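S.K.: Read off the chains here:
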Amino acid sequence: MKHEITLTVNGETLPVDVSPNDVLLDTLRTQVGVKSPKIGCERGDCGSCTVLLDGANVRSCLILAIEVDGHHITTVEGLSNDGLSALQEELIAASSFQCGFCAPGIVLVAAELLEHDPEPTRDQVREAISGNLCRCTGYDPIVDAVLALAEREGSDS
Amino acid sequence: MLAGGTDVVPWLRDEAIAPVALIDIKAIPDLHLITDLDGSLHLGALVTFSDLLASPHVAERYPILGEMGHLVASAGVRNRATLVGNICSAVPSCDAGPVLLAYEADVHIVGPQGARDVSIADWFRGPRATALQADEIVTGMTIHPPAKSHGAAFLKLSRYEGEDLAQANLAVVMTAAHRYRIAYGAVAATPLRASAIEQLLDGHALDVDRIAAAQQLVAGEISPITDMRATKEYREHMCRVMLERGLLAAQARLNGAGPAYPARLV
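Protein chains in written order, with our numbering: chain R, 1 to 157; chain U, 158 to 423.
Note that these hints are calculated values from the structure, not bench results.
Note that this is a predicted model, so its numbers are computed, not measured.
Mixed in with the good hints, there may be bad ones.
Said to hold, decoys possible - A few chain R residues that don't get close to chain U, going by computed Cβ distances all over 12 Å: (1) T50; (2) S85; (3) T137.
As the list claims (entries may be wrong) - Think about it this way: if two alpha-carbon atoms lie no more than 20 Å apart in a straight line, the pair counts; the simulated SDA-like pairs of lysine to any residue are: (4) R:K2 / U:G283; (5) U:K183 / R:I5; (6) R:K2 / U:D384; (7) R:K2 / U:V177; (8) R:K2 / U:P176; (9) U:K183 / R:G70.
Ideal Cβ placement from N, Cα and C applies to all residues, glycine included.
Isolated chain R, as found in the complex (with noise of 0.2 Å):
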């Protein structure tokens, strides 16, 4: 039996119908045609289909739709109004992904620390990305660039 549910996605608010067991993840990407959350591992182990639930960022394949009815979600679709996020500029001027897989669970979980805490230690941005697997960079330029950012913002203000 579908359930109508609401659910606000990048800051626009429309109904969805889900069954009782459809997962988040499939939700999004099936019927509300956001397709940045990755389907991975399935089983919250790889990050690949982060988002931000009401700002914090969690796996999407471990949560049931119907769970977050009138919930804020947040994807990297929705990080800027305009374009790409200074964020984004920085990891794509440093090359920091290859096969871009991960891309979109690290641009999320590294904006809600930069939120947090403009100026992170080298460690704390590892241990932000620490639930988020990328196969291809051994995770070095990802990293650099979150703290380049950092840093060039700290001195900007």
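With the hints as your guide, set chain U onto chain R.
M.R.: Below, chain U without anything else, positioned relative to chain R:
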């Protein structure tokens, strides 16, 4: 019964469970509460690992809850996963297990017969098996440190920094009166108190000889297996190493020195 869902949702997908109905309890406000009871601490069933880490009071008074919480999975899981869920799924490597044993938690249960408490010492019955009956739910836990002021350490051995299940984990709590509580996880069918080691240490200050004598007892306390994460020989060896490091860190912290909480001690 659905709280954080970090175990339940994969089980649903794998068809390991096929419930007629799931009841989401997250809208019950009281179950989210962390309440200090002057020396003991009540944790509602919906308290997540992130909630623990966000509480300055928990960090100050019950420091290994945070030291453990930092080493559980990653933030994306900790934002949903609950301590009570961790002991209800009851895998032998659960990180909350040794800490709750060392803090002598009472598990609060409600069912058709009314409310009852089960000591954490009687809670774990085997891998993924607990004292909870099918028609009961856990509403929370109350933990009881041995003294308001105590030195403690939580150590988690894993294959790499970051998200991994424990190869072995250990909680050590000690007081200025030389009372010790020591609990291991991932090295037997359930998390366990190392009571023979506690007896050897109780009433005594730590010195090299006593720690060495305690290490001699480790093999008799644990019964590790060989699996994909480690061999039983490696686990047993590292449990001796972790015991020494845990005791020394707890003692140093009791004396106002030692590594600041939370630290990675192994």
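S.K.: Decide if the proposed pair is consistent with the structure: R:K2 and U:P176, CA atoms, cutoff 20 Å inclusive.
M.R.: Given pair R:K2, U:P176 holds - Cα atoms ~17 Å apart, limit 20 Å.
S.K.: Does R:S85 sit more than 12 Å from chain U, CB to CB?
M.R.: R:S85 is indeed farther than 12 Å from all Cβ atoms of chain U, at 20 Å.
S.K.: Can the restraint linking R:K2 and U:V177 be considered satisfied, given a maximum Cα separation of 20 Å?
M.R.: It holds: about 16 Å lies between the C-alpha atoms, which stays within 20 Å.
S.K.: Would you mind confirming whether the straight-line C-alpha gap from U:K183 to R:I5 stays at or under 20 Å?
M.R.: holds, 16 Å
S.K.: Given the hinted pair R:K2 and U:G283, is their alpha-carbon gap at most 20 Å?
M.R.: Outside the cut-off at roughly 38 Å; violated.
S.K.: Would the hint linking U:K183 and R:G70 be met if the CA-CA limit is 20 Å?
M.R.: holds, 14 Å
S.K.: Between R:K2 and U:D384, is the straight-line Cα distance small enough, at 20 Å or below?
M.R.: Violated. R:K2 to U:D384 sits at ~43 Å, over the 20 Å cutoff.
S.K.: Measuring Cβ to Cβ, find out whether R:T137 lies farther than 12 Å from everything in chain U.
M.R.: holds, 15 Å
S.K.: Minimum C-beta separation from R:T50 to chain U exceeding 12 Å: can you confirm that?
M.R.: R:T50 is in fact no farther than 12 Å from some Cβ atom of chain U, at 6 Å.
Going through the hint list in order, the structure does not satisfy hints 1, 4 and 6.
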